[in-house]
Amino acid sequence: GENVEQHPSTLSVQEGDSAVIKCTYSDSASNYFPWYKQELGKGPQLIIDIRSNVGEKKDQRIAVTLNKTAKHFSLHITETQPEDSAVYFCAASGNDYKLSFGAGTTVTVRA
Amino acid sequence: NAGVMQNPRHLVRRRGQEARLRCSPMKGHSHVYWYRQLPEEGLKFMVYLQKENIIDESGMPKERFSAEFPKEGPSILRIQQVVRGDSAAYFCASSPGGLHSPLHFGNGTRLTVT
Chain P
1 GENVEQHPST LSVQEGDSAV IKCTYSDSAS NYFPWYKQEL GKGPQLIIDI
51 RSNVGEKKDQ RIAVTLNKTA KHFSLHITET QPEDSAVYFC AASGNDYKLS
101 FGAGTTVTVR A
Chain U
1 NAGVMQNPRH LVRRRGQEAR LRCSPMKGHS HVYWYRQLPE EGLKFMVYLQ
51 KENIIDESGM PKERFSAEFP KEGPSILRIQ QVVRGDSAAY FCASSPGGLH
101 SPLHFGNGTR LTVT
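Going down the list, the sequences are from chains P and U.
According to this note's numbering, the first sequence is numbered sequentially starting from 1.
According to this note's numbering, the second sequence is numbered sequentially starting from 1.
So that you can see chain P by itself, here it is in the shape it has in the complex:
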């Protein structure tokens, strides 16, 4: 099955700085890569996703890049704000309905 590795496990950034989270996947058949944000006591919320036919996607302060050859994808958050503090999960899936999640990155934005 698919194995998704996520780094770092914790990330502390100064407000206004950028945050970058990296994930690698093992199954070359994976073609869908969503990112989820989970706040304390809540369920994960989709923040952005990218499909294998696209190398980069941006939505305001959030961007995701995908390198299919190297089998890795990254989340970039620019101009971080305190409300960006949360746990972020990457995930991958292929031609089925199952998402394989990374172990998560706890992001803390220092004011």
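Hints listed in this document are in silico derivations from the structure and should not be mistaken for laboratory results.
Only a predicted model underlies this, so the values are computations on that prediction, with no experimental measurement involved.
Hints may be right or wrong, so weigh each one.
Said to hold, decoys possible - Have a look at the derived ranges for each label pair, beta carbon to beta carbon:
hint: 1; chain 1: U; residue 1: Ser66; chain 2: P; residue 2: Ser52; range: 30 to 36 Å
hint: 2; chain 1: P; residue 1: Gly1; chain 2: U; residue 2: Arg20; range: 24 to 30 Å
hint: 3; chain 1: P; residue 1: Ala70; chain 2: U; residue 2: Arg15; range: 32 to 38 Å
hint: 4; chain 1: U; residue 1: Thr112; chain 2: P; residue 2: Gly1; range: 36 to 42 Å
hint: 5; chain 1: U; residue 1: Glu72; chain 2: P; residue 2: Ser28; range: 41 to 47 Å
hint: 6; chain 1: P; residue 1: Arg61; chain 2: U; residue 2: Glu72; range: 40 to 46 Å
hint: 7; chain 1: P; residue 1: Ala111; chain 2: U; residue 2: Thr112; range: 32 to 38 Å
Said to hold, decoys possible - Partial list, computed: chain U residues near chain P (C-beta under 7 Å):
hint: 8; residue: Glu41
hint: 9; residue: Gly42
hint: 10; residue: Leu43
hint: 11; residue: Phe45
hint: 12; residue: Phe65
hint: 13; residue: Phe91
hint: 14; residue: His100
hint: 15; residue: Pro102
hint: 16; residue: Phe105
hint: 17; residue: Gly106
hint: 18; residue: Asn107
hint: 19; residue: Gly108
Beta carbons are placed, not taken as given, at the ideal position from N, Cα and C, and that holds for glycine.
Chain P is fixed; fit chain U onto it per the hints.
Frame of chain P; chain U shown alone:
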């Protein structure tokens, strides 16, 4: 709020008891997924259901666990004879269907087995 509704939010069971977790999908969604989250870990797929059908249960333990999504009413995840290792957060997600449709998650049920 027309989001995915899960109840109860917290559930405490003694070893050997049964746990029933409920999930009402978003309005218009007919596809339901259950995931389990252990502390400090990501979510692990358990089962994928459509109305009255189990599509993929490859992530669900063969014994003690079952899931259903009846024609009427919420989806139910049932754990019989719970053990301490079943303690986790269980999340339900729904989608309107179609491969790679975005999943909308509920806020989870936190099961504690004492």
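We went through each hint and held it up to the structure:
1. U:Ser66 / P:Ser52: 30 to 36 Å: holds, 35 Å
2. P:Gly1 / U:Arg20: 24 to 30 Å: holds, 28 Å
3. P:Ala70 / U:Arg15: 32 to 38 Å: violated, 46 Å
4. U:Thr112 / P:Gly1: 36 to 42 Å: Given a distance of about 29 Å, which is not inside 36 to 42 Å, the answer is violated.
5. U:Glu72 / P:Ser28: 41 to 47 Å: This hint holds: roughly 42 Å between Cβ atoms.
6. P:Arg61 / U:Glu72: 40 to 46 Å: holds, 43 Å
7. P:Ala111 / U:Thr112: 32 to 38 Å: holds, 34 Å
8. Glu41: For U:Glu41, the interface hint holds, since the closest Cβ of chain P sits about 6 Å away, which is under 7 Å.
9. Gly42: holds, 3 Å
10. Leu43: holds, 5 Å
11. Phe45: holds, 5 Å
12. Phe65: Violated: closest Cβ of chain P sits about 16 Å from U:Phe65, beyond 7 Å.
13. Phe91: It holds, given that the least Cβ distance between U:Phe91 and chain P is near 5 Å, below 7 Å.
14. His100: Hint holds; U:His100 Cβ to chain P Cβ min 4 Å, cut 7 Å.
15. Pro102: This interface hint holds because 5 Å falls under the 7 Å limit.
16. Phe105: holds, 4 Å
17. Gly106: holds, 5 Å
18. Asn107: holds, 5 Å
19. Gly108: holds, 5 Å
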